[in-house]
Amino acid sequence: MRVIQITLLLLFVSVLPATAKDLPDSSKEALGWLKKVAEAPRNHNYQGTFIYYADEHMETSSVVHIVDDMGEREKIEIMDGLQRIVVRNNDEMKCYLPESKMVVTERRWFRKFFPDILPRPYDDLNGSYFVKKGKQERVSGYDCQVIILEPRDNLRYGQKIWVDIKTGLALKIAVLDGDEVIEQFAFAQLNVAEDVSSELLKSKYSEISVDWKMINLISSILENGALDWQVKNPPAGFKKVIEMKRHLTGKPGPVDHIALSDDIATVSVFIEPILEDLPPPITGFYSSRGAINIYVLTLDDHKITTVGEVPLETVKLIGDAVSRREVRATTKH
Amino acid sequence: MKNKVSELMDGELVAEEAKDVVKQLKKRNDLYDDWETYHLIGDSLRQSSRLSTDISKQVSEQLKSEPAILIPAVPAKEDEAHKRKNYVLSIAASIVVVLAGWLGLQTLQEPSPIMVVENTMPVTPVVSTASPTHLHSLTPAEFNDYLFVHGEFSPGTATRGPSIYLHQVTDHQDRYSR
Numbered sequence: 001m002r003v004i005q006i007t008l009l010l011l012f013v014s015v016l017p018a019t020a021k022d023l024p025d026s027s028k029e030a031l032g033w034l035k036k037v038a039e040a041p042r043n044h045n046y047q048g049t050f051i052y053y054a055d056e057h058m059e060t061s062s063v064v065h066i067v068d069d070m071g072e073r074e075k076i077e078i079m080d081g082l083q084r085i086v087v088r089n090n091d092e093m094k095c096y097l098p099e100s101k102m103v104v105t106e107r108r109w110f111r112k113f114f115p116d117i118l119p120r121p122y123d124d125l126n127g128s129y130f131v132k133k134g135k136q137e138r139v140s141g142y143d144c145q146v147i148i149l150e151p152r153d154n155l156r157y158g159q160k161i162w163v164d165i166k167t168g169l170a171l172k173i174a175v176l177d178g179d180e181v182i183e184q185f186a187f188a189q190l191n192v193a194e195d196v197s198s199e200l201l202k203s204k205y206s207e208i209s210v211d212w213k214m215i216n217l218i219s220s221i222l223e224n225g226a227l228d229w230q231v232k233n234p235p236a237g238f239k240k241v242i243e244m245k246r247h248l249t250g251k252p253g254p255v256d257h258i259a260l261s262d263d264i265a266t267v268s269v270f271i272e273p274i275l276e277d278l279p280p281p282i283t284g285f286y287s288s289r290g291a292i293n294i295y296v297l298t299l300d301d302h303k304i305t306t307v308g309e310v311p312l313e314t315v316k317l318i319g320d321a322v323s324r325r326e327v328r329a330t331t332k333h
Numbered sequence: 001m002k003n004k005v006s007e008l009m010d011g012e013l014v015a016e017e018a019k020d021v022v023k024q025l026k027k028r029n030d031l032y033d034d035w036e037t038y039h040l041i042g043d044s045l046r047q048s049s050r051l052s053t054d055i056s057k058q059v060s061e062q063l064k065s066e067p068a069i070l071i072p073a074v075p076a077k078e079d080e081a082h083k084r085k086n087y088v089l090s091i092a093a094s095i096v097v098v099l100a101g102w103l104g105l106q107t108l109q110e111p112s113p114i115m116v117v118e119n120t121m122p123v124t125p126v127v128s129t130a131s132p133t134h135l136h137s138l139t140p141a142e143f144n145d146y147l148f149v150h151g152e153f154s155p156g157t158a159t160r161g162p163s164i165y166l167h168q169v170t171d172h173q174d175r176y177s178r
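Protein chains in written order, with the numbering used here: chain A, 1 to 333; chain B, 1 to 178.
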């Protein structure tokens, strides 16, 4: 009978809804460290190699980052597998894909590139995360202060950030599901210096790629509420960041894209009409590598795909919160 | 020839000689008896606990005289207890399977309430009207662009060409228990 009791208990626990944790306010000191992390990429030049690790998959990338009177420029080259070089000039990004002879252009709408992952400002961060100081540890030869972002509910993952004490750069970031590390970025080698040569920013494909196929992913950034769709009452802490219309390869028309964030995690909602001559979309939950989860549903002859580095509950809540606007606003190009 | 048998035992013969002696051993019973006797003496001198005696004849005689027993004998009391234990365990297993199946159906057909919290209030729970969800297979290529634009080309989370890693979540029930 003990077996039955334990099984019942496990099954009961497994259907419990999302719950909030009773955590104190984040200290000013810990939040101050995050301010340093957010500002550091605007104050320092650096060159290095970092590693992404998730689900026993490892990917190495090299990075060159320069801030000068031309603004912020960066080149990231993924060293493993298919070649991919991303060159960023402030918020304009070009991604060179040599194997397929393609250049994809994109506008940066949220900070995603390690170590530049924190937005500015982030006043509401304390509402979603309890930020606290951890120990001091060394990463790649640099003395770091560990800052822990503990989620206040189970709608988001935790973060552990190793902050270089001298420059404020995040040298290592771990995304945590409870105590389990689900993905990790870390510098294997880093050189923070004033004199990083801007020659290093050039892609070796910048000249030969003139004949390559050019794809502009964004057709238009829209004013608030310009799309026919909205995410009404998203989960606590999540706010809309941007609305866009996208050109996606293989799609006959533009796809609506609404992005939300809780200042740390981002969630994208893609909405597109269901085409009559194609098989009907397959709804359900999917999981990609690391922290990414995906939820597909259909509504009013449209397919709604919600993608984000958040738990399944959260992509479901956001996907289910999508609805049509009653009055359509004008579009700004 | 007896000397040759002794030398064979001590490993003193070359290959050709050894072959001849083995042939003779097979043919001549007296030599074979000597072979067994020498081994017995050797074991005794080495004070071996297991003496080289041929028990094959005794064993085959014993087998002939005893009936073959195919079912192991179990004491009657122990057998009853064993049956009772199996019966209880099978009932318990059936209950667990039925319960698990019922709860699984509940989850798929009538999803458990998930808390939705208002935008302005961090922890005010409201029950959502979530629609039923289904699990199906899906080709990963469909999500390439979504992940690519969502990740802003970011390393790790963006596309990896045709070999993109994407798997359907079948353990969403477990994931909900976090």
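Treat the hints as calculated values from the structure; they're not laboratory data.
Note that the Cβ used here is the ideal one computed from N, Cα and C, for glycine as well.
Treat the hints with care, since some could be wrong.
Over the 12 Å line for every Cβ pair with chain A, so calculated as not near, a few chain B residues [unchecked claim]:
1. Lys2
2. Val22
3. His39
4. Asn144
5. Leu147
6. Val149
7. Gly151
Examples of chain A residues toward chain B, derived with CB under 10 Å [said to hold, decoys possible]:
8. Ser61
9. Cys95
10. Trp109
11. Leu217
12. Phe270
Evaluation of the provided hints:
1. Look at B/Lys2: its CB is around 70 Å from the nearest CB on chain A, clear of 12 Å, so calling it non-interface holds up.
2. In this structure B/Val22 is separated from chain A by more than 12 Å, as the shortest Cβ-Cβ distance comes to about 59 Å.
3. Chain A leaves B/His39 outside its interface by the beta-carbon criterion, the shortest separation being 58 Å against a cut-off of 12 Å.
4. Non-interface call for B/Asn144 relative to chain A: violated, since the shortest CB-CB distance, roughly 8 Å, does not exceed 12 Å.
5. At roughly 6 Å, the least C-beta separation between B/Leu147 and chain A is not larger than 12 Å, which violates its mark as non-interface.
6. A beta-carbon of chain A comes within 12 Å of the beta-carbon of B/Val149; the shortest separation is about 5 Å.
7. Not every CB of chain A is more than 12 Å from the CB of B/Gly151 (nearest about 6 Å), against its label as outside the interface.
8. Proximity of A/Ser61 to chain B holds as hinted, the smallest CB-CB distance being about 4 Å (cut-off 10 Å).
9. A distance limit of 10 Å between C-beta atoms decides the matter here; for A/Cys95 the minimum to chain B is near 5 Å, and the interface restraint holds.
10. Look at A/Trp109: its Cβ gets to within about 7 Å of chain B, closer than 10 Å, so that hint holds up.
11. With a cut of 10 Å, the hint placing A/Leu217 at the interface with chain B holds, because the nearest CB-to-CB distance is about 5 Å.
12. Using the Cβ-Cβ criterion of 10 Å, the hint placing A/Phe270 at the interface with chain B is satisfied: the shortest such distance is roughly 6 Å.
Taken one by one, the earlier hints fail for this structure at numbers 4, 5, 6, 7, listed in ascending order.
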